[in-house]
Amino acid sequence: MSHAEFAAAHSEASQHIEQRWRTAFESSAIGIAMADFAGRFFAANSVFRNMLRYTESELYQLTFLDVTYEEDRKANQELVGQLVEGKRQHFEIEKRYCRKDGTLVWVRNNVSLVPGMGGVAPFWFAVVEDITQRKEEESARRYTEEKYRLVVETASDAVISLDETSTILLANPATTRVFGHTQEELIGKPLTMLMPEFLRKLHETGFNGYLATGQRHINWQGTELIGLRKNGKEFPVEVSFGELIQDGHRVFTGFIRDISERKQAEEIRRQAQKVIQTTQAELARVSRLTTMGELAASIAHEVNQPLTAVNNNSNACLRLLANQNLQPDVLRRALEEIVADGTRASAIIARIRAFIKKAPAEKNRLDVNEVIGEVVAMMGHGFEENGIVLQSELAEALPPVLGDRVQLQQVLLNLIMNGVEAMTAIIDRPRLLWVQSRIDESGDVLIAVRDSGTGLGLEADRVFTPFFTTKANGMGMGLSISRSLIEGHGGRLWASPNSPHGAVFSLTLPVDAENPS
Amino acid sequence: MTRASVVFVVDDDPSVRSSLKFLLSSVGLQVESFESAETFLQRKPPDAPSCLVLDVRLRGLSGLDFQHELAARNIRIPIVFVTGHGDIPMSVRAMKAGAIEFLTKPYRDQDLLDAVRIALEQDRARREQERDLTDLQQRFDSLTPREQEVISMVVSGMLNKQIAGELGTAENTVKVHRSRAMEKMNAQSFADLVRMIEKLKGPAKKAS
Chain A
0 MSHAEFAAAH SEASQHIEQR WRTAFESSAI GIAMADFAGR FFAANSVFRN MLRYTESELY
60 QLTFLDVTYE EDRKANQELV GQLVEGKRQH FEIEKRYCRK DGTLVWVRNN VSLVPGMGGV
120 APFWFAVVED ITQRKEEESA RRYTEEKYRL VVETASDAVI SLDETSTILL ANPATTRVFG
180 HTQEELIGKP LTMLMPEFLR KLHETGFNGY LATGQRHINW QGTELIGLRK NGKEFPVEVS
240 FGELIQDGHR VFTGFIRDIS ERKQAEEIRR QAQKVIQTTQ AELARVSRLT TMGELAASIA
300 HEVNQPLTAV NNNSNACLRL LANQNLQPDV LRRALEEIVA DGTRASAIIA RIRAFIKKAP
360 AEKNRLDVNE VIGEVVAMMG HGFEENGIVL QSELAEALPP VLGDRVQLQQ VLLNLIMNGV
420 EAMTAIIDRP RLLWVQSRID ESGDVLIAVR DSGTGLGLEA DRVFTPFFTT KANGMGMGLS
480 ISRSLIEGHG GRLWASPNSP HGAVFSLTLP VDAENPS
Chain B
0 MTRASVVFVV DDDPSVRSSL KFLLSSVGLQ VESFESAETF LQRKPPDAPS CLVLDVRLRG
60 LSGLDFQHEL AARNIRIPIV FVTGHGDIPM SVRAMKAGAI EFLTKPYRDQ DLLDAVRIAL
120 EQDRARREQE RDLTDLQQRF DSLTPREQEV ISMVVSGMLN KQIAGELGTA ENTVKVHRSR
180 AMEKMNAQSF ADLVRMIEKL KGPAKKAS
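In the order they appear, the protein sequences are chains A and B.
The first sequence runs 0 to 516 under numbering that gives the first Met the number 0.
The second sequence runs 0 to 207 under numbering that gives the first Met the number 0.
Calculated from the structure, these hints are not laboratory results.
Hints are not guaranteed to be accurate.
Said to hold, decoys possible - Quick list of in silico lysine to aspartate or glutamate cross-link-like pairs, DMTMM-like style, CA-CA up to 25 Å:
(1) B/Lys-160 to B/Glu-127
(2) A/Lys-273 to A/Glu-223
(3) A/Lys-232 to A/Glu-301
(4) B/Lys-43 to B/Glu-127
(5) B/Lys-20 to A/Glu-335
(6) B/Lys-20 to A/Asp-328
(7) A/Lys-99 to A/Glu-69
(8) A/Lys-262 to A/Glu-196
(9) B/Lys-20 to A/Glu-301
Unchecked claim - Away from chain A, derived, C-beta distances all over 10 Å, residues of chain B:
(10) Asp-12
(11) Ser-24
(12) Ser-25
(13) Ala-71
(14) Lys-104
(15) Pro-105
(16) Asp-108
(17) Leu-132
(18) Gly-164
(19) Arg-194
Unchecked claim - Just the calculated beta-carbon pair ranges, DEER-fashion:
(20) A/Pro-327 to B/Glu-31: 34 to 44 Å
(21) A/Leu-325 to B/Glu-182: 25 to 35 Å
(22) B/Asp-110 to A/Asp-328: 23 to 33 Å
Glycine is no exception: its CB is placed at the ideal position from the N, C-alpha and C atoms.
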């Protein structure tokens, strides 16, 4: 082949190669752009042009910095500088281009500086991949992750992730608050460090059992267990667990809630329930004691019978003697009856004594407001049923008194019941019952029960007399017994008219001198 | 007083019952005692002046219910109540229903005896009154219808002449009827007759 032939052939071959490159360049699925050393574009394929939505001629007026989004220019220039200084052969950058229409497009560029050769000056060569979709997905994922992270970080429950060996991978800030360990102290440690000794073996067996068989040994949603704080204190927790496969590994995430407060609240409620039950039991006792008033009345009746017989017989004897009507048989029979009735009377007295001994007063420090509350609770729907409005005016922070709870309950119940009954016939005005507590002038605790009922009229003083009653079914013992109970506490119980209607029953109780609060 | 008065004691307590009987008999009263209202009611009503000494709290029929029961049976016997303890409404009820006294045990024996005497006296007076009225009624019933007619007119203030005119008879005939009637009624005077007729009218009015 001649030189000319060779040259021609070579030229033809070059043209072929040139053509092939050009075609490859134009039809590439990826963006390709070239810029002179100053950065001005001089070649760009259609993918690149379309990416930026510029025509060829428009593009060749611009430098790569012109189309780079402002915020990304600095990073881009730094890399360019490194390349110019020969510190690297090429660089990769993820950045945003600003399209002709002002919108942004995320790209990943692989850039190299092609050195100058012969008459050709050095130029920039960039392979450009549109990564907008990937970026959006990434951003969405990051948003979701951030959201979850926020939830976990700010959760009030401890959130702990474990691997298949039950080792702690992650722990949120609440874990520190709940257990007292810092995150550093937790991560990489076995979960069992957060459990009391007796649960550790159970956990290991259960956890390994689950890994091997898929059989859960506890309910994963809301199981109550015991946790162990750093300070060695055990506390109740409620645990929920979930499982997830991450990179081929099983990860368990648990939510651990400190339920000490809830347990305490439950305990308080249980205690309250118990108090209510005890109070109800005491109420039963009180109602027995209230019938003690009736019992006393019937005892009085019983004592009166032999006394009456003794009187009758003695008086008859006296009359017969006065009339000189002396029949020894008659007198003897009368005297025998007198002796028998005397014996009968003392037997009854002995029975009362025995009864009273069975119910000794039990003095404790009492909060009278508490006792009032109990009695009001005992009344239950008694107020509503009788159309009565209850108004409590209880002084706060009353000093405790020394007293028998049941007896005080009985007295208060009696006074309140009396007030309620005094108002059942009232139809022309509200039926109001006030219960008040306060410290009186002499420093005693005073309780007043007022009603808007019929009042006592001139009988205010007589109501405390045994067997006095204004009630159709009354025995007239309630107030008499109440007064002796209060006097037994060193207090006083009295009645006075309420203005404009009804009655006030007031009682005082001395403050517990040994233990003033 | 033809028959001796009698006191009925009703009390479910044997000691009280027998001691009451003893006390009342020590002052010369005749006493019958019963353990319940029911046993008393089985006895035929007494014919002599009598009264009841009654415990309010009785087993079975209570004292107050017993009082009502007696009124319902038209047995008019004064009652002295005694009670182991009584309240005001109870005593008011008893007194309104006609009780003589309401005594609370243990009472003064004199109070009881006084109450019993008053009760017996009241019953005696009532019985006498009833007996008088019965006599009077019998005498009035013995008059002929015409005599009864004439007497009614006389008592209403009509003169013999007016009566004769009214009845369409002679004045003398009226005078005869009138004097026969006065005689049969055992009336001493015209005023006496008026009183008698008024007495007879009294219960008759009540009954109507």
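- Query: Quick one, are B/Lys-20 and A/Glu-301 close enough, alpha carbons at most 25 Å?
  - Reply: With a Cα-Cα distance of about 19 Å, the restraint between B/Lys-20 and A/Glu-301 holds, given a limit of 25 Å.
- Query: That 23 to 33 Å hint for B/Asp-110 and A/Asp-328 (C-beta), does it hold up?
  - Reply: 29 Å, holds
- Task: Assess, step by step, whether the Cα of B/Lys-20 is no farther than 25 Å from the Cα of A/Asp-328, and give holds or violated.
- Result: With a Cα-Cα distance of about 16 Å, the restraint between B/Lys-20 and A/Asp-328 holds, given a limit of 25 Å.
- Item | C-beta pair A/Pro-327, B/Glu-31: status relative to the range 34 to 44 Å that was hinted | Violated, since A/Pro-327 and B/Glu-31 (Cβ atoms, about 25 Å apart) do not stay within the stated range.
- Message: Between the alpha carbons of B/Lys-160 and B/Glu-127, is the straight-line distance 25 Å or under?
- Response: Violated - the C-alpha atoms of B/Glu-127 and B/Lys-160 are around 38 Å apart, more than 25 Å.
- Do the alpha carbons of A/Lys-99 and A/Glu-69 lie within 25 Å of each other, as the hint requires? The given pair, whose Cα atoms are some 14 Å apart, holds under the 25 Å limit.
- Task: Indicate whether the distance between the beta carbons of A/Leu-325 and B/Glu-182 respects the range 25 to 35 Å.
- Result: 57 Å, violated
- Does the no-contact call for B/Asp-12 survive, Cβ to all of chain A over 10 Å? 5 Å, violated
- Item | Hint consistency between A/Lys-273 and A/Glu-223 [alpha-carbon to alpha-carbon, up to 25 Å] | 24 Å, holds
- Message: So if I understand the rule, the pair passes when the alpha-carbon distance is 25 Å or less; does B/Lys-43 with B/Glu-127 pass?
- Response: 20 Å, holds
- Task: Take a quick look at B/Ala-71 and tell me if its Cβ sits farther than 10 Å from every Cβ on chain A, holds or violated.
- Result: 22 Å, holds
- Does the claim that B/Ser-25 lies off the interface hold, with its Cβ farther than 10 Å from every Cβ of chain A? 4 Å, violated
Going down the numbered hints, you'll see the structure goes against 1, 3, 10, 11, 12, 14, 15, 16, 20, 21, while the others check out.
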